[in-house]
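Participant: Start from the sequences, fold in the hints, and give me the full structure.
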Amino acid sequence: MADLSVNIAGVEFKNPVIPASGVFGYGREYEELFSLSRLGGIATKGTTITKRNGNPAPRIAETPSGMLNSVGLQNPGIDKFLETELPNLMKKDTVILANIAGSTAEECVEIAKKLDQTDVHMIELNISCPNVKQGGMAFGASCDGAASITKQVRKATKKPLIVKLSPNVTSIAEIAKSVEAEGADALSLINTVLGMRIDINTKRPILKNNMGGLSGPAILPIAVRMVWQTANAVNIPIIGMGGISKAEEAVEIMMAGASAVQVGAAIFTDPYAPVKIIDGINDYLDRNNISSVRDIIGTVEPW
Amino acid sequence: MKYTQGKYLVIEKKAIAKDIFSMKINCPEIAENAQPGQFVHVLPTGFTLRRPISICDIDKEKGTIRIVFIVKGEGTKEISALNEGNVIDMLAPLGHGFTINEDFKKVILVGGGIGTPPMLPLAKIYKEKSTVISGFRSADAVILQDDFKNTGAETILCTDDGTMGIKGFVTQPLEEILKSEKIDAVYSCGPMAMLKNIAAVCDKYNTFCEVSLEERMGCGIGACLVCACKTNVNGEEHFAHVCKNGPVFNSKEVVWNG
Numbered sequence: 005m006a007d008l009s010v011n012i013a014g015v016e017f018k019n020p021v022i023p024a025s026g027v028f029g030y031g032r033e034y035e036e037l038f039s040l041s042r043l044g045g046i047a048t049k050g051t052t053i054t055k056r057n058g059n060p061a062p063r064i065a066e067t068p069s070g071m072l073n074s075v076g077l078q079n080p081g082i083d084k085f086l087e088t089e090l091p092n093l094m095k096k097d098t099v100i101l102a103n104i105a106g107s108t109a110e111e112c113v114e115i116a117k118k119l120d121q122t123d124v125h126m127i128e129l130n131i132s133c134p135n136v137k138q139g140g141m142a143f144g145a146s147c148d149g150a151a152s153i154t155k156q157v158r159k160a161t162k163k164p165l166i167v168k169l170s171p172n173v174t175s176i177a178e179i180a181k182s183v184e185a186e187g188a189d190a191l192s193l194i195n196t197v198l199g200m201r202i203d204i205n206t207k208r209p210i211l212k213n214n215m216g217g218l219s220g221p222a223i224l225p226i227a228v229r230m231v232w233q234t235a236n237a238v239n240i241p242i243i244g245m246g247g248i249s250k251a252e253e254a255v256e257i258m259m260a261g262a263s264a265v266q267v268g269a270a271i272f273t274d275p276y277a278p279v280k281i282i283d284g285i286n287d288y289l290d291r292n293n294i295s296s297v298r299d300i301i302g303t304v305e306p307w
Numbered sequence: 010m011k012y013t014q015g016k017y018l019v020i021e022k023k024a025i026a027k028d029i030f031s032m033k034i035n036c037p038e039i040a041e042n043a044q045p046g047q048f049v050h051v052l053p054t055g056f057t058l059r060r061p062i063s064i065c066d067i068d069k070e071k072g073t074i075r076i077v078f079i080v081k082g083e084g085t086k087e088i089s090a091l092n093e094g095n096v097i098d099m100l101a102p103l104g105h106g107f108t109i110n111e112d113f114k115k116v117i118l119v120g121g122g123i124g125t126p127p128m129l130p131l132a133k134i135y136k137e138k139s140t141v142i143s144g145f146r147s148a149d150a151v152i153l154q155d156d157f158k159n160t161g162a163e164t165i166l167c168t169d170d171g172t173m174g175i176k177g178f179v180t181q182p183l184e185e186i187l188k189s190e191k192i193d194a195v196y197s198c199g200p201m202a203m204l205k206n207i208a209a210v211c212d213k214y215n216t217f218c219e220v221s222l223e224e225r226m227g228c229g230i231g232a233c234l235v236c237a238c239k240t241n242v243n244g245e246e247h248f249a250h251v252c253k254n255g256p257v258f259n260s261k262e263v264v265w266n267g
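The listed protein sequences correspond, in order, to chains A and B.
Just so you know, the working numbering puts the end of the first sequence at 307, numbered straight through with nothing missing.
Just so you know, the working numbering puts the end of the second sequence at 267, numbered straight through with nothing missing.
Please keep in mind that the hints were generated in silico from the structure rather than gathered at the bench.
Backbone N, C-alpha and C define an ideal beta-carbon position, used for all residues, glycine too.
One should not assume that every hint holds.
[To be verified] Okay, the calculated bits of chain B under chain A, using three or more residues with CB under 8 angstroms as the criterion:
1) 57–65
2) 180–194
3) 212–226
4) 230–236
[Claimed, not checked] Taking lysine-lysine pairs in the DSS-like style, the calculated list, with each CA pair at most 30 angstroms apart, reads:
5) Lys-33(B) to Lys-11(B)
6) Lys-212(A) to Lys-205(B)
7) Lys-239(B) to Lys-207(A)
8) Lys-158(B) to Lys-212(A)
9) Lys-205(B) to Lys-55(A)
10) Lys-69(B) to Lys-86(B)
11) Lys-86(B) to Lys-115(B)
12) Lys-55(A) to Lys-261(B)
13) Lys-95(A) to Lys-11(B)
14) Lys-212(A) to Lys-81(B)
15) Lys-253(B) to Lys-84(A)
16) Lys-280(A) to Lys-11(B)
17) Lys-114(B) to Lys-55(A)
18) Lys-207(A) to Lys-81(B)
19) Lys-55(A) to Lys-253(B)
20) Lys-250(A) to Lys-253(B)
21) Lys-212(A) to Lys-239(B)
22) Lys-11(B) to Lys-18(A)
23) Lys-207(A) to Lys-84(A)
24) Lys-16(B) to Lys-96(A)
25) Lys-84(A) to Lys-86(B)
26) Lys-16(B) to Lys-250(A)
27) Lys-114(B) to Lys-81(B)
28) Lys-69(B) to Lys-207(A)
29) Lys-86(B) to Lys-212(A)
30) Lys-81(B) to Lys-16(B)
31) Lys-114(B) to Lys-71(B)
32) Lys-69(B) to Lys-250(A)
33) Lys-253(B) to Lys-280(A)
34) Lys-96(A) to Lys-253(B)
35) Lys-11(B) to Lys-96(A)
36) Lys-86(B) to Lys-280(A)
37) Lys-86(B) to Lys-250(A)
38) Lys-16(B) to Lys-280(A)
39) Lys-207(A) to Lys-205(B)
40) Lys-69(B) to Lys-212(A)
Facilitator: So, in structure tokens, the structure goes:
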């Protein structure tokens with residue numbers, strides 16, 4: 005049994021596998037299948053200051069080796085989250101990353117202040133949601149925008165701050181540097197890639213929102229590339245995600261420079277994917293006589 | 010709610026109409042927990058997303074369930090390629106099913122097209138107390154009529170083009186019955202336009218009505234919030250989720266133009 009523990013911004017994870025924000029709700033539905041304590045952490049559904057209804061359905065579509073979604077940040081609002089979900093999650097013996105997804109910097113600051121008063125382990129600031137008209141990806145699309153919101157949220161909390169980046173930019177490494185300069189403790193990347201599908205019989209986009217975020221195996225190589233480019237540009241830890249569905253791909257993204265991984269769409273295909281990936285990483289390490297998962301981080305040997 | 014995920018043996022597979030298949034699956038733990046109106050979430054091999062398919066029959070003694078589905082796209086086509094002796098990957102049983110009340114003396118089950126299969130478990134419970142009204146596009150799409158007759162239920166068949174049974178929509182015989190006798194409940198599954206009309210007729214005669222909705226789904230268990238449908242509870246509109254809050258809803262809760 006290898007040592008699977010990792011440390012990100014001073015927070016100890018028992019293993020490097022975290023269900024990504026949005027696919028896992030607040031864990032209740034998956035607890036029916038496995039103990040949440042097996043997970044390295046849980047990134048909670050993005051929260052806004054007040055209840056948000058999200059976009060009309062259909063909100064999902066299959067794509068070649070992946071899927072599009074356009075949920076639009078449906079959530080009950082921060083107060084309800086703090087009252088009914090967070091206390092339950094804090095009992096699960098796993099690291100809780102509270103994902104913030106406000107539409108303005110002020111809103112994100114207000115949510116961060118509320119979270120600062122709780123026991124939550126980390127804050128993940130989402131500046132990359134492609135499915136909302138205000139905020140979301142717009143924050144993360146420019147270095148100035150990303151820097152400004154990071155700076156403001158940084159001042160609002162002492163909790164370790166992870167900033168979640170969008171792949172829908174010209175240079176993710178430049179965005180990452182500007183976020184690092186304003187005090188982000190870690191980065192998570194990539195959020196979904198903006199995409200679209202059309203039903204050729206009706207000439208209508210399948211998603212009611214027309215466009216949506218692409219995830220699943222199709223985007224894995226984009227994620228590997230962006231984690232690698234970002235790891236070469238910053239000194240803060242990276243949580244890598246994007247299309248990971250098996251342990252070998254988690255290892256690959258860690259070799260590219262990630263200290264931990266998040267798993268999203270794969271959970272729809274196989275609800276046990278996170279725990280299978282944890283077991284598979286351990287098998288990989290044992291097979292290769294590697295004593296700690298930390299020893300594979302950033303070990304890619306580029307040509 | 011208790012559900013499991015696994016690979017289960019297909020023990021019987023039949024084509025029962027054009028593009029419509031019936032499969033019997035050996036899955037004791039799913040059959041044990043399954044309720045009428047619930048669904049199974051099937052993974053077509055090689056795909057990212059599962060496909061929700063309603064449960065058409067539950068045999069708790071034999072530990073089997075039956076599903077009947079139509080090939081609509083690439084995913085359901087892949088599922089239809091499975092044969093007896095193959096395994097099927099299911100997460101099940103899922104969702105909130107129909108309200109069953111043993112005191113109900115007379116109920117009507119209305120199925121439209123591929124919405125007909127989830128009516129069968131109800132017919133098996135209510136038997137002679139039930140009238141099944143099924144509507145199909147045309148004679149070549151008609152399914153499950155013998156299964157319904159075998160339960161002891163009275164059956165009324167409609168086709169849009171009149172090639173079998175009564176020519177016309179299911180709402181016509183439904184309204185005739187509601188007009189003439191006291192009905193304790195109407196249960197229905199089918200296209201949205203049909204469900205909307207059934208809800209309106211039931212409203213008119215002040216009859217309890219439950220409808221089973223369909224939407225594109227992600228996780229199937231209520232975590233991802235993808236399968237939204239607009240509902241109105243206590244005067245407030247919000248997005249409920251077909252997979253967990255439904256697929257069965259009281260027809261008065263559904264916002265039909267949402």
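Participant: Each hint should be assessed against the structure and marked as holding or not.
Facilitator: How the hints compare with the structure:
no., hint, verdict
1, 57–65, "holds (count 3)"
2, 180–194, "violated (count 0)"
3, 212–226, "holds (count 3)"
4, 230–236, "holds (count 7)"
5, Lys-33(B) to Lys-11(B), "21 angstroms, holds"
6, Lys-212(A) to Lys-205(B), "20 angstroms, holds"
7, Lys-239(B) to Lys-207(A), "24 angstroms, holds"
8, Lys-158(B) to Lys-212(A), "41 angstroms, violated"
9, Lys-205(B) to Lys-55(A), "28 angstroms, holds"
10, Lys-69(B) to Lys-86(B), "28 angstroms, holds"
11, Lys-86(B) to Lys-115(B), "38 angstroms, violated"
12, Lys-55(A) to Lys-261(B), "24 angstroms, holds"
13, Lys-95(A) to Lys-11(B), "22 angstroms, holds"
14, Lys-212(A) to Lys-81(B), "19 angstroms, holds"
15, Lys-253(B) to Lys-84(A), "19 angstroms, holds"
16, Lys-280(A) to Lys-11(B), "21 angstroms, holds"
17, Lys-114(B) to Lys-55(A), "43 angstroms, violated"
18, Lys-207(A) to Lys-81(B), "17 angstroms, holds"
19, Lys-55(A) to Lys-253(B), "19 angstroms, holds"
20, Lys-250(A) to Lys-253(B), "27 angstroms, holds"
21, Lys-212(A) to Lys-239(B), "14 angstroms, holds"
22, Lys-11(B) to Lys-18(A), "28 angstroms, holds"
23, Lys-207(A) to Lys-84(A), "40 angstroms, violated"
24, Lys-16(B) to Lys-96(A), "29 angstroms, holds"
25, Lys-84(A) to Lys-86(B), "42 angstroms, violated"
26, Lys-16(B) to Lys-250(A), "19 angstroms, holds"
27, Lys-114(B) to Lys-81(B), "37 angstroms, violated"
28, Lys-69(B) to Lys-207(A), "45 angstroms, violated"
29, Lys-86(B) to Lys-212(A), "24 angstroms, holds"
30, Lys-81(B) to Lys-16(B), "23 angstroms, holds"
31, Lys-114(B) to Lys-71(B), "29 angstroms, holds"
32, Lys-69(B) to Lys-250(A), "35 angstroms, violated"
33, Lys-253(B) to Lys-280(A), "25 angstroms, holds"
34, Lys-96(A) to Lys-253(B), "23 angstroms, holds"
35, Lys-11(B) to Lys-96(A), "20 angstroms, holds"
36, Lys-86(B) to Lys-280(A), "28 angstroms, holds"
37, Lys-86(B) to Lys-250(A), "26 angstroms, holds"
38, Lys-16(B) to Lys-280(A), "16 angstroms, holds"
39, Lys-207(A) to Lys-205(B), "25 angstroms, holds"
40, Lys-69(B) to Lys-212(A), "40 angstroms, violated"
In the structure shown, a violation is registered for the earlier hints numbered 2, 8, 11, 17, 23, 25, 27, 28, 32 and 40, in ascending order.
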